[in-house]
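Visitor: Under our numbering, the residues of the sequence shown are numbered 1 to 168, in order.
Since the hints were derived computationally from the structure, they do not count as laboratory data.
Don't be surprised by glycine CBs; every beta carbon is placed ideally from N, CA and C.
Mixed in with the good hints there might be a few duds.
What the hints assert, rightly or not - Pair by pair, the computed Cβ-Cβ distance ranges are: (1) S114 with N69: 28 to 36 Å; (2) V90 with N134: 31 to 39 Å; (3) L62 with L142: 21 to 29 Å; (4) V13 with E106: 23 to 31 Å; (5) L17 with F55: 44 to 52 Å; (6) L142 with P52: 32 to 40 Å.
Stated by the list, open to error - Computed list of lysine-lysine pairs in PhoX-like fashion (alpha-carbon distance at most 25 Å, straight line): (7) K103 with K86; (8) K144 with K7; (9) K111 with K7; (10) K86 with K7; (11) K111 with K95; (12) K144 with K103.
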Amino acid sequence: MTHPLVKQTTLFVALVLLQACIFNHIEYWGYVNPMIYILFIIAAPYRENRTPLIFLSFFIGLMIDMFSNTGGLHAASSVLIAYARKPILVVVFGKNFEYQELKLTEYPFTKVLSYTTMMVLLHHTLFYFLEVFNFAHVLITLLKIAVASVFSITACLLFIYLFGGSKK
Numbered sequence: 001m002t003h004p005l006v007k008q009t010t011l012f013v014a015l016v017l018l019q020a021c022i023f024n025h026i027e028y029w030g031y032v033n034p035m036i037y038i039l040f041i042i043a044a045p046y047r048e049n050r051t052p053l054i055f056l057s058f059f060i061g062l063m064i065d066m067f068s069n070t071g072g073l074h075a076a077s078s079v080l081i082a083y084a085r086k087p088i089l090v091v092v093f094g095k096n097f098e099y100q101e102l103k104l105t106e107y108p109f110t111k112v113l114s115y116t117t118m119m120v121l122l123h124h125t126l127f128y129f130l131e132v133f134n135f136a137h138v139l140i141t142l143l144k145i146a147v148a149s150v151f152s153i154t155a156c157l158l159f160i161y162l163f164g165g166s167k168k
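Hey, can you work out the whole structure from these sequences and the hints?
Guide: What follows is the structure, given as structure tokens:
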């Protein structure tokens, strides 16, 4: 059995490398690329104290910002979803989730899809509106959010079910 810290560290490094080396170079329609690194926040073990996850989310976002030259957009968006994670978990999985270990592959696909979709949409909404920082281009920004979210959600779900371990 692998220690949880080793698993989280491996996931952190693997997702940063995948995002920086592969996913940052995949562009759909010239301007949208999938953001797989947020899977680190989505799949993180649940802890009552969310401060460590917020710090780790800032750090992973900052790492991606350094590779992407995005000036803190990933860090800000990552911190937001780390902070909003607990209320989203309560909405999707119910109030009793905190007494269980969060293994996404053990939940019904519809709940995992809902949770992943909410997290990705929240992340991408902040990211793309901060990137544009102008409401004059709101329709183009909403299109970017929609397209990027579809690709990011698909990539996250593939990783969850391909590498998330077996369903008990």
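Visitor: Are the Cα positions of K103 and K86 separated by 25 Å at most?
Guide: Holds: K103 and K86 sit about 15 Å apart, inside 25 Å.
Visitor: Range hint 28 to 36 Å: satisfied by the CB atoms of S114 and N69?
Guide: holds, 33 Å
Visitor: Just to be sure I understand the hint, the distance between the Cβ atoms of V90 and N134 should be within 31 to 39 Å; is that true here?
Guide: Holds, since V90 and N134 (Cβ atoms, about 34 Å apart) stay within the stated range.
Visitor: Just to be careful, I want the Cα atoms of K86 and K7 compared with a cutoff of 25 Å; is the pair within it?
Guide: Roughly 21 Å separates the two Cα atoms, so the pair holds.
Visitor: Given the hint that K144 pairs with K103, test it: the Cα-Cα distance must not exceed 25 Å.
Guide: Given that 25 Å is the threshold and the Cα spacing comes to 30 Å, the pair is violated.
Visitor: Kindly confirm whether 32 to 40 Å is satisfied by the beta carbon distance between L142 and P52.
Guide: Holds, at about 33 Å.
Visitor: Given the hinted pair K111 and K7, is their alpha-carbon gap at most 25 Å?
Guide: holds, 23 Å
Visitor: CA of K111 to CA of K95, is that 25 Å or under?
Guide: holds, 14 Å
Visitor: The hint says 44 to 52 Å between L17 and F55; measuring C-beta to C-beta, is that right?
Guide: violated, 20 Å
Visitor: Between L62 and L142, is the Cβ distance one that fits in 21 to 29 Å?
Guide: holds, 27 Å
Visitor: Using the C-beta atoms of V13 and E106, is the stated range 23 to 31 Å upheld?
Guide: holds, 25 Å
Visitor: With the threshold set at 25 Å, check whether the alpha-carbon distance from K144 to K7 stays at or below it.
Guide: violated, 32 Å
In terms of the numbered hints stated before, the structure departs from hints 5, 8, 12, listed from lowest to highest.
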